[in-house]
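J.: Each protein sequence line maps, in turn, to chains A and B.
Residue numbering for the first sequence follows the UniProt record's numbering, starting at 1 and increasing by one per position.
Residue numbering for the second sequence follows the UniProt record's numbering, starting at 1 and increasing by one per position.
It should be emphasised that the hints constitute simulated quantities derived from the structure, not laboratory data.
Hints are supplied without guarantee of correctness; some may be wrong.
Computed footprint of chain B on chain A, listed as stretches where at least three residues anywhere in the stretch have a Cβ under 8 Å from a Cβ of chain B [as the list claims (entries may be wrong)]:
hint	segment
1	67-81
2	87-94
3	162-172
We treat Cβ as the ideally placed atom computed from N, Cα and C, and that holds for glycine.
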Amino acid sequence: MAVTGLLLVGFLYVHMIGNLKIFFGEETFDHYAHWLRSIGTPLLPEAWYLYIQRGVLTVAVVGHIVAATILARRARLARPVKYAHRPKVQGSYAARTMRWGGVIVLLFVIYHILDLTTLTLNPHGVHGEVYRNVAEDFAPGRWYVTLFYTLSIVAVGLHLRHGLFSAARTLGQQSPRSAVVVRAAALVLSVTLVVGYLSVPFAVLVGLVD
Amino acid sequence: MDIQVRVWRQSGPTDTGRMVSYDVKDISPDASFLEMLDVLNEKLILDGDDPIAFDHDCREGICGACSMVIDGTAHGPEKATTTCQLHMRHFKQGDTIDVEPWRAAAFPVIKDLVVDRTAFDQIIQAGGYITAPTGAAPEAHATPVPKADADLAFEAATCIGCGACVAACPNGSAMLFTAAKVAHLGLMPQGQPERDTRVIDMLQAQDDAGFGGCTNMGECSQVCPKGIPLTLIGRLNSDYRKAVRKQL
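Just chain A, same shape as in the assembly (with noise of 0.2 Å):
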């Protein structure tokens, strides 16, 4: 849970920080689209590095998964006979969440793949126009894609903000002192990333990006 969870927070960074490139206007956006096809040339032939990318990602998400299923089907197990009075349990509303949460944000990437990767849903649709893709799916009369796509975001922030201490503990992190540290880098991570992400489609929806 923890190695693949974390090799895919990484990505979500790197993603992040280049969806920021929206902001330097179309041309910087697109180009940096284009080069994202280029990296590791010529070592390696063109959009190769972005299919290993595609290729390792897949393999951590399918890797979270099957480890997720694994816990949740000996969560479900270990305790046959449920309690007939069980109040909240006392953890953070993210750890509690976990789950379906994490159905959610499933949910989301293959819809987000499907919009702005293969373009299958997405208004504009043509390949190597990013910033005009992104533009018109964002657009205001696209309010409920606007509408999922918060959620969805939110739901990978607070799958993180739990996911991010949760992978520190299974590593090892065993001080009360940094324990104190992690919780609230995983606060922080979590926020930031979920403003950086959100400031797109918010950025369209006010007329910044069109």
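Given the coordinates of chain A, work out where chain B should sit on it, guided by the hints.
T.: Below, chain B without anything else, positioned relative to chain A:
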């Protein structure tokens, strides 16, 4: 004070079990929760009913025998308190209190509120020991132990093995128990020879017994009557990682 208790009644391991309501009258606020059940049991016996079976022994908070989930919280609403040290003054006149046994596949119900905690013994058997030479006891000061290690080892060793951590865990995991046992021996110089095999074998025994996996929710530490710190689970994970790497 007058209260109503809804207690899990299960005549034996094969019975399906159900919650049954009982009125308990004229209970002193200074009575412990177990004494309240004693009073109720005496009434049940006089009425010719089967008394409620529950585990108890020292009744001073150190044996780890008492084990009941009160209103959904293992050992009841008071922090760092065993059921026997929980007093009725923490409840209100007219309250309805739900009492259930620990719920875990690894802790099958024997009768009513009594569960079989042999699974914990199996975890201890797998690695809760040290290699010590027989013969005369060695001079106590011959083996120096850093104060910080001694303190943390002692804190871990206060685990009374009641199983509240398992009862509270949303995953039904015994991680806090195992972590406490691994830490209290692993922090000591005498526990070093088996440090690697201990963590691997005890975790294996825990998994074999049918406990769930840990997802770092922290419920265990919240209900622990001895306040075993959650950080010990990080220590167990760290020990496990190092032990597995050495085996490669």
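J.: Work down the list of hints and note, for each, if the structure agrees.
T.: Results of checking the hints against the structure:
Given a C-beta distance limit of less than 8 Å, the hint that chain B covers the segment 67-81 of chain A holds, as 9 residues qualify and 3 suffice. Closer than 8 Å: that is the beta-carbon criterion, and the segment 87-94 of chain A has 4 residues meeting it against chain B, so the requirement of 3 holds. Here's how the segment 162-172 of chain A fares: 8 of its residues keep a CB closer than 8 Å to some CB of chain B, so the rule of at least three is met and the hint holds.
In the structure shown, no violation is registered for any of the earlier numbered hints.
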